[in-house]
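S.K.: Sequence:
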Amino acid sequence: MQPKLNKKFDWQRLENLVKEKLANEKTGHDFGHIMRVQLLCFELAKGFKKVDFDALAAASLLHDISLEKGPSKQHHIESAGLAKPILEKFGFSKSQVDKISECILRHNRGFSASKSIPKGLSLEAKILCDADRIEALGAIGLIRMICFSQNQKVPYANSRKDKLDESFYGNIKYLSTLAGKMYTARGKKIVRDRGRIIKQFLKSFEKEVF
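Residue 1 is where the sequence shown starts when you use full-length UniProt numbering, and the numbers rise one by one after that.
If you are wondering where the hints come from, they were derived from the structure by calculation, not from laboratory data. Treat each hint with caution, since some may be false.
Said to hold, decoys possible - Using 30 angstroms as the maximum straight-line C-alpha spacing, the simulated DSBU-like pairs for lysine-lysine come out as follows:
#1 Lys181 x Lys163
#2 Lys207 x Lys21
#3 Lys199 x Lys26
#4 Lys69 x Lys84
#5 Lys163 x Lys153
#6 Lys19 x Lys89
#7 Lys49 x Lys73
#8 Lys188 x Lys163
#9 Lys163 x Lys50
#10 Lys188 x Lys203
#11 Lys69 x Lys189
#12 Lys21 x Lys89
#13 Lys189 x Lys207
#14 Lys73 x Lys4
#15 Lys46 x Lys7
#16 Lys161 x Lys73
#17 Lys69 x Lys46
#18 Lys153 x Lys7
#19 Lys46 x Lys161
#20 Lys19 x Lys153
#21 Lys21 x Lys69
#22 Lys26 x Lys203
#23 Lys7 x Lys73
#24 Lys94 x Lys153
#25 Lys69 x Lys49
#26 Lys4 x Lys50
Claimed, not checked - Label pairs and their calculated CB-CB ranges:
#27 Phe53 x Pro85: 30 to 40 angstroms
#28 Ala185 x Ile146: 40 to 50 angstroms
#29 Glu208 x Arg13: 15 to 25 angstroms
#30 Glu15 x Gln74: 20 to 30 angstroms
#31 Gly32 x Pro85: 23 to 33 angstroms
#32 Gln152 x Lys50: 32 to 42 angstroms
#33 Asp193 x Ile146: 12 to 22 angstroms
#34 Lys8 x Lys153: 23 to 33 angstroms
#35 Arg192 x Lys89: 15 to 25 angstroms
#36 Lys188 x Pro3: 17 to 27 angstroms
#37 Lys19 x Pro85: 11 to 21 angstroms
#38 Ala185 x Gly32: 40 to 50 angstroms
#39 Gln152 x Arg13: 31 to 41 angstroms
Glycine is no exception: its CB is placed at the ideal position from the N, C-alpha and C atoms.
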């Protein structure tokens, strides 16, 4: 369900801007991914009494905005930087811009997959972290990883020791660890089936390839 967002902000124009910037994105971080993450954010927010939906909506729309220039391991930092002038142009206050930027800055998987919850991490940042992880799992996660691995021209597999970015297999092994590293209770529930899909695929892949 779409929450009530502040009509002060031109949400449709912001969506159109993101859609235009990511029109040529080929690694599974396209506009479709953005909108699915936003819907997941709204779903995960259910049950919480105090959620800044405006910040959550804006952060989900802009969290991968730097990827119009291509993949980057620092895309969370770059996206947070690019988001600031956009948010200011759309009329968000300084405190809102800071909050949204924090969500974007901390959504990267290396940060969000840490075992401990960093002190001061906002609820909205936790929700965006979980939503982006959920999108990396399940059937859609497999399709997106195929797109990403093909774009990066990595092999299917080298050996059972493959790690992230070394092969498609290494990438899938990494994704299989994300299901156990969620922040929200609803996220943990949603991710169960998607996590099983990844693990079953991994098991079949290993049986067929090694």
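S.K.: With 32 to 42 angstroms as the target window, see if glutamine 152 and lysine 50 comply at their CB atoms.
M.R.: Holds, since glutamine 152 and lysine 50 (Cβ atoms, about 40 angstroms apart) stay within the stated range.
S.K.: For a C-alpha distance cap of 30 angstroms, please report whether lysine 69 and lysine 189 respect it.
M.R.: Answer violated: lysine 69 to lysine 189 is near 34 angstroms, above 30 angstroms.
S.K.: Within a Cα-Cα threshold of 30 angstroms, do lysine 69 and lysine 46 meet the stated pairing?
M.R.: The given pair, whose Cα atoms are some 34 angstroms apart, is violated under the 30 angstroms limit.
S.K.: Is the distance from the Cβ of glutamate 15 to the Cβ of glutamine 74 consistent with 20 to 30 angstroms?
M.R.: 25 angstroms Cβ-Cβ, so the 20 to 30 angstroms window holds.
S.K.: Between lysine 21 and lysine 89, is the straight-line Cα distance small enough, at 30 angstroms or below?
M.R.: holds (16 angstroms)
S.K.: Run the distance test for lysine 94 versus lysine 153: straight-line Cα separation, threshold 30 angstroms.
M.R.: violated (41 angstroms)
S.K.: Return holds or violated for the Cβ distance of phenylalanine 53 and proline 85 against the range 30 to 40 angstroms.
M.R.: Between phenylalanine 53 and proline 85, where Cβ atoms are some 22 angstroms apart, the hint is violated.
S.K.: Within 30 angstroms, alpha carbon to alpha carbon, are lysine 181 and lysine 163?
M.R.: Holds. Lysine 181 to lysine 163 sits at ~18 angstroms (cutoff 30 angstroms).
S.K.: Would the hint linking lysine 69 and lysine 84 be met if the CA-CA limit is 30 angstroms?
M.R.: Roughly 17 angstroms separates the two Cα atoms, so the pair holds.
S.K.: What's the verdict on lysine 46 and lysine 7, does the C-alpha distance respect the 30 angstroms limit or exceed it?
M.R.: Satisfied, since the Cα-Cα distance of roughly 21 angstroms is no more than 30 angstroms.
S.K.: Taking 30 angstroms as the top limit, are the C-alpha atoms of lysine 161 and lysine 73 close enough?
M.R.: Status holds; Cα separation ~22 angstroms.
S.K.: Does the Cβ pair alanine 185, glycine 32 satisfy 40 to 50 angstroms?
M.R.: violated (27 angstroms)
Hints 2, 7, 9, 11, 14, 17, 18, 19, 23, 24, 25, 27, 28, 29, 34, 35, 38, counting from the list given before, are not met by this structure.
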